[in-house]
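**Student:** As given, the protein sequences belong to chains A and B, one line each in that order. Straight run, no breaks: the first sequence in this note's numbering ends on number 361. Straight run, no breaks: the second sequence in this note's numbering ends on number 661.
Keep in mind the hints are simulated off the structure, nothing from the lab. Only a predicted model underlies this, so the values are computations on that prediction, with no experimental measurement involved. Every residue gets a Cβ at the ideal spot worked out from N, C-alpha and C, and that includes glycine. Don't take each hint at face value.
[Stated by the list, open to error] Calculated cross-link-like contacts (lysine to any residue; reagent style SDA-like; alpha-carbon spacing at most 20 Å):
1) 449/B x 428/B
2) 485/B x 528/B
3) 539/B x 561/B
4) 74/A x 49/A
5) 74/A x 525/B
6) 363/B x 554/B
7) 449/B x 395/B
8) 583/B x 60/A
9) 74/A x 626/B
10) 583/B x 85/A
11) 354/A x 344/A
12) 74/A x 622/B
13) 74/A x 625/B
14) 449/B x 393/B
15) 564/B x 453/B
16) 74/A x 85/A
17) 74/A x 469/B
18) 74/A x 524/B
19) 74/A x 630/B
20) 74/A x 617/B
21) 363/B x 388/B
22) 564/B x 454/B
23) 363/B x 425/B
24) 74/A x 561/B
25) 363/B x 374/B
26) 74/A x 523/B
27) 74/A x 615/B
28) 74/A x 616/B
29) 363/B x 428/B
30) 74/A x 621/B
[Stated by the list, open to error] Covered stretches of chain B, as calculated for chain A (at least 3 residues, CB under 8 Å):
31) 368-377
32) 412-419
33) 593-607
Read off the chains here:
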Amino acid sequence: MNLIQRCQPLLDVLRNPVCMATLDLAAWDLLLRQAGAAGLLSRLAVQAETLGLIARVPDEVRPHLTAARTVAAKQRQAVRWEARRVAQALAGIEGPVLLLKGAAYAIADLPPAAGRLFGDIDILVPRAQLGQVEGALLLAGWHSQKQDNYDQRYYRRWMHELPPMTHIRRGTVLDVHHNLLPETARIHTEATPILEAARALAAPSGLSLPADTDLVLHSACHLFHEGEWGHGLRDLVDLDAMLRGFTVGPDFWLTLLARAQTLNLGRPLYYALDCCQRWLHTPIPPNVIVNCPQRPPAWQGALMRELFDAGLASAHRSCRGRLAGLAAFALYVRGHYLRMPWRLLLPHLLHQAKRRDRDQS
Amino acid sequence: MKLGDLSPPQLRQRLADNDLVLRTGPFVTRIQSPMPQVAEGLLRLYADFTLDTGEFQDFHVRVGPPHGLRRWLRPQINFWYDDHTPFKPLPANHAFALLEWGLNWCVAGHAHHYLMLHAAALEKNGRAVVLPGDPGAGKSTLTAALMLSGWRVLSDEITLVDRDDGLLVSLARPVSLKNASIDVIRRTFPDAMIGEPAHDTHKGTVAHVRPSADSVARVGEKVRPAWVVFPRWREGSTARLTPHSRADALLHTASHAFNYSLLGSLGFELNATLMDACTCHDFEYSNLDDALRVFADLAA
Chain A
1 MNLIQRCQPL
11 LDVLRNPVCM
21 ATLDLAAWDL
31 LLRQAGAAGL
41 LSRLAVQAET
51 LGLIARVPDE
61 VRPHLTAART
71 VAAKQRQAVR
81 WEARRVAQAL
91 AGIEGPVLLL
101 KGAAYAIADL
111 PPAAGRLFGD
121 IDILVPRAQL
131 GQVEGALLLA
141 GWHSQKQDNY
151 DQRYYRRWMH
161 ELPPMTHIRR
171 GTVLDVHHNL
181 LPETARIHTE
191 ATPILEAARA
201 LAAPSGLSLP
211 ADTDLVLHSA
221 CHLFHEGEWG
231 HGLRDLVDLD
241 AMLRGFTVGP
251 DFWLTLLARA
261 QTLNLGRPLY
271 YALDCCQRWL
281 HTPIPPNVIV
291 NCPQRPPAWQ
301 GALMRELFDA
311 GLASAHRSCR
321 GRLAGLAAFA
331 LYVRGHYLRM
341 PWRLLLPHLL
351 HQAKRRDRDQ
361 S
Chain B
362 MKLGDLSPPQ
372 LRQRLADNDL
382 VLRTGPFVTR
392 IQSPMPQVAE
402 GLLRLYADFT
412 LDTGEFQDFH
422 VRVGPPHGLR
432 RWLRPQINFW
442 YDDHTPFKPL
452 PANHAFALLE
462 WGLNWCVAGH
472 AHHYLMLHAA
482 ALEKNGRAVV
492 LPGDPGAGKS
502 TLTAALMLSG
512 WRVLSDEITL
522 VDRDDGLLVS
532 LARPVSLKNA
542 SIDVIRRTFP
552 DAMIGEPAHD
562 THKGTVAHVR
572 PSADSVARVG
582 EKVRPAWVVF
592 PRWREGSTAR
602 LTPHSRADAL
612 LHTASHAFNY
622 SLLGSLGFEL
632 NATLMDACTC
642 HDFEYSNLDD
652 ALRVFADLAA
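Build the full structure now, drawing on both the sequences and the hints.
**Tutor:** See the structure below:
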């Protein structure tokens, strides 16, 4: 059995939510655990309600869906509220302030927003404005968690974001980006086209959203280049929702491919399209994948497939294969390898290891 | 089938085989554990509880040794919620206490289809008293004493409020006692069935009292709330109830609840409806017998 087949019934339901009406109790028992571990239970719960399936779900299961919807509603309200606070804090900043990922989906009610759980708030600002932005956020109560000089230097010198900022009273975390990828990453991408294509939001005023294509490319880049696999399957579901929801116009796919070329993000887009199609049966025209820029050579594509499949299947133990631990390690190493060249990476990992050692003793 | 119908070896086998499915009020939990203390604790405190057929479980939990070499150096245990470990490992002889904390964590972290107040709740003559209490206020001691004097315990930690009708829902799980209160209850109720104490936990010494047979048998009966009482044990005080403002009771329970803000406006409405239905009191006491008399008068 391959890894995709192991992830049932979760994948069946993600591909076609209407099947929630036909699952028996034993299938629900496993589904609630798989979906819960993958951070996707709220999404299923909201879809079940939207599709009018609640009455066809077993009595034992319904409370779990009610609870999951409650959590999602609260998080959504909280992220929208927090985004308004960010808008307020940055009202005086010149140049656009873009919401990214979860906060963008929630504020604009984009396809992935339904039932999505949120972590930090991510924003993208012009690099030239970084100092002003940081100052304004400090005044409004966000401060840098990492006080250590090494971390400050590491983030400011090499990374594409400031050290995460935590609100002093609410404890919420804000990531301020000036690019999608680190300066040192193997792929170089520019933030300027994304900032230029942003659309200003009517409310909260002062905030903008990346273009649809750029939201897709950022999500792909985050999962398949940066290698944040903790919520791998959930992030793939975000991509699937956007690819299904954004394709209303006929030129969406052409624009997406052209944009991937411009931003130099064809490789992560290719991986995203391939995984979406195989895992979630996302309807992607065949020529889109064939024409994706910067496609990997066949051997590399095949190898990466194995690794990504293991990463996506790591959500729950019922889905994991025998080599899950090895694959997770390989993905971790790959994430770091892509992040910076060895001459920077090795001293960094050494420093981190020494610090862990010190913290433990 | 009741848990107490199993012989000790049968129970140990079922726990080892991940084949024990326990119903506690509205929740069904599949428990796996190779630890003898877990089997012992369950047999002593959960004998009257129903075993479920096991088609669907709300929670899958495991209490057992963590992986790795450390298990050979100093025996430890951990709690698994499905394949997630929410706590740090503990010394192995805290296995049963860890199961109890883990089960509380399962409910508090997931059952958002209820309003969950941090309070004990008990029933007498069809009406319920809710006992919010700061740590050390003598809430658990009072809860155990009331249960052992004929009140039906709904919960000692988590008061569940049904979001559809505002009634209180029972868990009827064991009542947790800490430190000196263990001996107080042993002295006052020599017949009480108390589990093996776990020493030197983060809460000090902890032991659990078996819920009364009546509490377990009637676990499915929801109850109308009638009183909110804030207990406080103070040496030398005379047991008496004094009025407590409803508004303050609302704010206090809201700020100590497990999921009040998560429920948003529904949380406020449920809590306000609860307070509207209740008279609210402060309650000082030093002597358990006097305290029980005051509560008997209250429920009369």
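**Student:** Can you name, in rising order, the numbers of the hints this structure does not satisfy?
**Tutor:** 10, 23, 24, 29, 31 and 33
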